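Since the structure of chain A is already known, use the hints to place chain B on it.
Protein sequences appear in the order of chains A and B.
Using the numbering used here, the letters of the first sequence correspond one by one to residues -3 to 247.
Using the numbering used here, the letters of the second sequence correspond one by one to residues 326 to 892.
Don't read these hints as lab results, they were simulated from the structure.
Model, not experiment: these values are computed from the prediction.
Below, computed lysine-lysine pairings styled on BS3-like, alpha-carbon distance capped at 25 Å:
1. B/K413 <-> B/K766
2. A/K158 <-> A/K143
3. B/K397 <-> A/K93
4. A/K143 <-> A/K(-1)
5. B/K866 <-> B/K856
6. A/K39 <-> B/K397
7. B/K765 <-> B/K678
8. A/K149 <-> B/K413
9. A/K39 <-> A/K93
10. A/K93 <-> B/K746
11. B/K390 <-> A/K93
12. B/K628 <-> B/K746
13. B/K772 <-> B/K678
14. B/K678 <-> B/K774
15. A/K39 <-> B/K390
16. B/K678 <-> B/K766
17. B/K772 <-> B/K413
18. B/K413 <-> B/K746
19. B/K765 <-> B/K413
20. B/K856 <-> B/K466
21. A/K158 <-> B/K413
As a plain string of letters, each chain reads:
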Amino acid sequence: MSKNSFPRDPKTGKAIRNLSQPGYYPGYSTLGQRNAWDETTRKTVVERVHSHEEIRFFSPHEAELLSAVADRLIPQDDRADDRTIPILPSIDERLYKNQLNGFRYEDMPPDREAYRLGLHAIDEMSQQRFQLTFIALPVFRQELLLKSLHDGKPDPPHPAWKHMPVHRFWAMLMEDCATAYYSHPWSWDEIGFGGPAYPRAYTRLENGLPEPWEKDETRYEWNAPEDSVSEIDIAGAPPERSPLHGHGGTH
Amino acid sequence: MKEHVHRLGPMQVLPSPMRHYKPEEIVDYCIVGVGSAGGVLAQRLARAGFSVVALEAGPFWDTEKDWVSDEKGSHELYWDDLRITGGKDPLALGANNSGKGVGGGSVHWAAFAPRFHPSDFRVYSQDGVGADWPMSYNDLKPYYELLEQEIPVAGPAWFPWGNPHGYPYGPHPMGAVGDVLVRGCTNLGIRSVAGGPVAILSASHGDRPHCIYRGFCIQGCKVGAKASTLITHVPDAITHGAEIRAHSMVSRVNLGRDGRVTGVTYFDREHRERVQHARAVIVSGYAIETPRLLFNSACPGHKHGLANSSGTLGKYLMAQAGNVVAGRFDQLIRLYKAPPAHALSEEFYETDKQRDFARGFAIQTVGPLPIAFAKQMVAAIGAWGWGLRRVMMDYNHWATLGVLGEILPWQDNRVELADEKDQYGLRVAKVTFNLHDNDKKLIEFAKQKVMDVMRAAGAEQVVQESRYAHLVGAARMGSDPDDSVVDKFGRTHDIPNLFICDGSILPTQGSANPGLTIQALAARTADYLIKQGESIFSSNKRDLNEPGIRYDLSPPYTRFKGNPRIA
Chain A
-3 MSKNSFPRDP KTGKAIRNLS QPGYYPGYST LGQRNAWDET TRKTVVERVH SHEEIRFFSP
57 HEAELLSAVA DRLIPQDDRA DDRTIPILPS IDERLYKNQL NGFRYEDMPP DREAYRLGLH
117 AIDEMSQQRF QLTFIALPVF RQELLLKSLH DGKPDPPHPA WKHMPVHRFW AMLMEDCATA
177 YYSHPWSWDE IGFGGPAYPR AYTRLENGLP EPWEKDETRY EWNAPEDSVS EIDIAGAPPE
237 RSPLHGHGGT H
Chain B
326 MKEHVHRLGP MQVLPSPMRH YKPEEIVDYC IVGVGSAGGV LAQRLARAGF SVVALEAGPF
386 WDTEKDWVSD EKGSHELYWD DLRITGGKDP LALGANNSGK GVGGGSVHWA AFAPRFHPSD
446 FRVYSQDGVG ADWPMSYNDL KPYYELLEQE IPVAGPAWFP WGNPHGYPYG PHPMGAVGDV
506 LVRGCTNLGI RSVAGGPVAI LSASHGDRPH CIYRGFCIQG CKVGAKASTL ITHVPDAITH
566 GAEIRAHSMV SRVNLGRDGR VTGVTYFDRE HRERVQHARA VIVSGYAIET PRLLFNSACP
626 GHKHGLANSS GTLGKYLMAQ AGNVVAGRFD QLIRLYKAPP AHALSEEFYE TDKQRDFARG
686 FAIQTVGPLP IAFAKQMVAA IGAWGWGLRR VMMDYNHWAT LGVLGEILPW QDNRVELADE
746 KDQYGLRVAK VTFNLHDNDK KLIEFAKQKV MDVMRAAGAE QVVQESRYAH LVGAARMGSD
806 PDDSVVDKFG RTHDIPNLFI CDGSILPTQG SANPGLTIQA LAARTADYLI KQGESIFSSN
866 KRDLNEPGIR YDLSPPYTRF KGNPRIA
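So here's chain A without its partners, still in its complex pose (with noise of 0.2 Å):
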């Protein structure tokens, strides 16, 4: 990905960037655990750092513009290039083996032709709305752009959301760049996700305590690029409509 929008921290104003591990854990590595991991795990853990899957679902623009999108979805200027995490080959090996998560809403095309639909509308509305394409728009627009389709309120209009519902595309963009992106184990770093624990174990439960090969907290303040439009705005979130996306993972 391109990287030019960055976060900066708010006490220099200097650009956060280059980083090998964003988050409040440095020091702190999953794989780096990967030998107290069952063998089956730690295969798949691993290949999934490793792989280079080629393109296979999506044409070589639409891939082009897939990523360009994702990367203002799940923006990852912070993060140094040889630690980015691959987003694209996640949704292409999805739609090319036209894995299903096991259902689809009677108001939406199936997954692979609403993939190409929507990308479709979003290279149209930005010739539009700026007569550039997607991937030449400055991050602030191509992010001014996306929001519109966050808010339920595609600008311009188009005809691809009257045969679907943003809505619902969007959270199937959002939830497949989401399980690409927290699948990973360095983005489990980021975050102090202590990863896989079998045969091990957890031992302290309580209080948020971290394990031995855990790290404590080290939190550090940043801004989000000055122009962005991406930060939580409880206020101006769009209206919860129920529900979006796959519910698998909590009951």
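Same frame as chain A, now just chain B:
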């Protein structure tokens, strides 16, 4: 050559060899689906000496080879084939509520194992809504007690709600999320319990080790501490001669000229069509696949589906309200440790005349791992971009509690067939779901109450996401053949040797997780079938007397082990 060892957890090995019936053999019972109910039924019927073939659409898991401590890597545990979902409040399916593979949903349940309350069996009599069961709590109580020992269930010595009781295995040590629930409830004067009731071993048990608190319960328990029928009942079924045939997708139940079923047609692993003949068939496919199979089995004389003369098949589908309330705390929580199912309160379970709706809800801990939590933040606060990165960097500061709210059975919430077909050429299910007025009021009240609890526990920021959990109904039991599909033993009103036994037969669902109740019902149906003996295979007479509980059919290690302190 080294013999392949099929492992079920680190200590347990699948009994070998398993009996294989020849294709032309007619077995006593063919069970469709080896989940919470199918596993228990196969075990009981095999122990009683019946010949049993249980067909399962998914794989036969080797837990050491097939399962991982990883969210993304666990997607094969779920029924991920296409289904269409719609209505005004469409349900998410797949990983949320549908299992595939031997053990079914019990492989990926969080394993909360509370009983239903006595009031759940007479909702219509008490509140004028929903339905009454054709049986009472007392009919099921001995089976609750028995299954709590067989599974077994760990929990508090004193569980104060419903019919108060204690648990055979001691409670689990406290995790930080459980602590939040207890603290918040206590500060508001609400009673709570911690450390269970949950079908997870707090101490080793036979050839199963105790819990190691790694938090991946719903990704399949590699440890073997969390109960699934894969490890609690299926091994004993095989020891006693049952055949569990995995990768077998049943396409229809076959009907003979005498109006009795003759067996099933299914697709094997290579998608070849096969037939299994049986003297009786039990469908245990859960609330979507059970009605789908019976609809797909329509034939002359049953053109709206088998066992559907009442037109009730597929209707009265229920999910529970499962709103997740997340609270951010100044101190660290690390919600990924300890079982997600950990502490709860059933203080609001019953109808309260002070409120403007019938029935109630439970408050329970939940433990979303990073991907699930990220999706919740996307839904709850519209997180994306830098906002998502920021809230996720605080993952360890959040605790999550779930509403488990009773949604009433409504006729328009239903399973039908869609026009689309699956990989076998079978029409897929279409699920329609709408919340009604009582449901909406209940959910709003429950959501606010759980948010209050979270604040009372000290959370500085509290957000919530609307969602649903579990699926039951769609082939309900009842005493009136005109508005129910099966009788109180799971026997279809229409076809004397066709049974349904799974979550789909529940007339109402309470605010309790359904897994234990489904297994208890399966054990009771098994006792009934055993008591009826050969007459099931030849007679059309319907005996509705309770069979009397059998205490000699439990899996090994479980009998008289772990006696509850207060029965």
